[in-house]
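Student: Make a model of the complete structure from these sequences and hints.
Those protein sequence lines, which keep their order, are chains B and C.
The first sequence begins at 316 in this note's numbering and counts up by one.
The second sequence begins at 10 in this note's numbering and counts up by one.
Be careful, since some hints might not be right.
Unchecked claim - Some but not every residue of chain B turned toward chain C, in silico, with C-beta under 10 Å:
#, residue
1, Gly-318
2, Val-319
3, Gln-352
4, Leu-358
5, Leu-403
6, Cys-406
7, Thr-414
8, Tyr-416
9, Gly-420
As the list claims (entries may be wrong) - Heads up, simulated DMTMM-like pairs for lysine to aspartate or glutamate below, C-alpha to C-alpha not over 20 Å straight-line:
#, chain 1, residue 1, chain 2, residue 2
10, B, Lys-328, B, Glu-397
11, C, Lys-108, B, Glu-390
12, C, Lys-58, C, Glu-80
13, C, Lys-58, B, Asp-413
14, C, Lys-51, B, Asp-400
If you're looking for bench data, these hints aren't it; they were derived computationally from the structure.
Even for Gly, the Cβ is constructed at its ideal location relative to N, Cα and C.
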Amino acid sequence: KAGVTQTPRYLIKTRGQQVTLSCSPISGHRSVSWYQQTPGQGLQFLFEYFSETQRNKGNFPGRFSGRQFSNSRSEMNVSTLELGDSALYLCASSLSQDTQYFGPGTRLTVL
Amino acid sequence: AQSVTQLDSHVSVSEGTPVLLRCNYSSSYSPSLFWYVQHPNKGLQLLLKYTSAATLVKGINGFEAEFKKSETSFHLTKPSDHMSDAAEYFCVVRSGTYKYIFGTGTRLKVLA
Numbered sequence: 316k317a318g319v320t321q322t323p324r325y326l327i328k329t330r331g332q333q334v335t336l337s338c339s340p341i342s343g344h345r346s347v348s349w350y351q352q353t354p355g356q357g358l359q360f361l362f363e364y365f366s367e368t369q370r371n372k373g374n375f376p377g378r379f380s381g382r383q384f385s386n387s388r389s390e391m392n393v394s395t396l397e398l399g400d401s402a403l404y405l406c407a408s409s410l411s412q413d414t415q416y417f418g419p420g421t422r423l424t425v426l
Numbered sequence: 010a011q012s013v014t015q016l017d018s019h020v021s022v023s024e025g026t027p028v029l030l031r032c033n034y035s036s037s038y039s040p041s042l043f044w045y046v047q048h049p050n051k052g053l054q055l056l057l058k059y060t061s062a063a064t065l066v067k068g069i070n071g072f073e074a075e076f077k078k079s080e081t082s083f084h085l086t087k088p089s090d091h092m093s094d095a096a097e098y099f100c101v102v103r104s105g106t107y108k109y110i111f112g113t114g115t116r117l118k119v120l121a
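Tutor: What follows is the structure, encoded as structure tokens:
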């Protein structure tokens, strides 16, 4: 089975721009979670989607949003980028509330 | 509320010697616990998980962890380390709302 894939792998944006990241879960997995990883804050949970509905949400501002499509693929969007949004964004998929399997991440750099 | 504490931010061991990465958790009920490994510039790979079956859990690459309820611990061990094990290791507890709560990570350095 193919693993979790994330696109793009690397991204460079400037302050004020917006960005969309994509995640394709393992086939058959209906839950997709997003995390932000930075050296200072570690791994922080952004949100989780299950069957196109947001099921859990972390403590991030409204500039961070996501959605899930009927094929379970998910996107996250960050609007009005700030320097502090530079991070590795990780996506994880699971069957339902089971073990999460992570993708390789998207490295976002905001200049 | 659930939480997890990784007691060491950095651990250095010599190649071929045992390694111990310590993790304590807090949970109001029987938790699900995981260890993940992250190599530089990579995503997280599942090493092993505990979900209330056997208290000694065997994972990939020779790693194992023991769930000790009385000590609220879930330490990760490996009897003989390799250079390829140098990475960052995360202990994770799954909360009642099915959120994953990550520890702050332990960076393992393996000395030749």
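Student: Are the hints correct? Go through all of them and say.
Tutor: A quick look at each hint next to the structure:
no.: 1; hint: Gly-318; in the structure: 9 Å, holds
no.: 2; hint: Val-319; in the structure: 8 Å, holds
no.: 3; hint: Gln-352; in the structure: 9 Å, holds
no.: 4; hint: Leu-358; in the structure: 4 Å, holds
no.: 5; hint: Leu-403; in the structure: 8 Å, holds
no.: 6; hint: Cys-406; in the structure: 9 Å, holds
no.: 7; hint: Thr-414; in the structure: 6 Å, holds
no.: 8; hint: Tyr-416; in the structure: 7 Å, holds
no.: 9; hint: Gly-420; in the structure: 5 Å, holds
no.: 10; hint: B:Lys-328 / B:Glu-397; in the structure: 10 Å, holds
no.: 11; hint: C:Lys-108 / B:Glu-390; in the structure: 19 Å, holds
no.: 12; hint: C:Lys-58 / C:Glu-80; in the structure: 18 Å, holds
no.: 13; hint: C:Lys-58 / B:Asp-413; in the structure: 11 Å, holds
no.: 14; hint: C:Lys-51 / B:Asp-400; in the structure: 19 Å, holds
The structure is consistent with each of the numbered hints, conforming to all of them.
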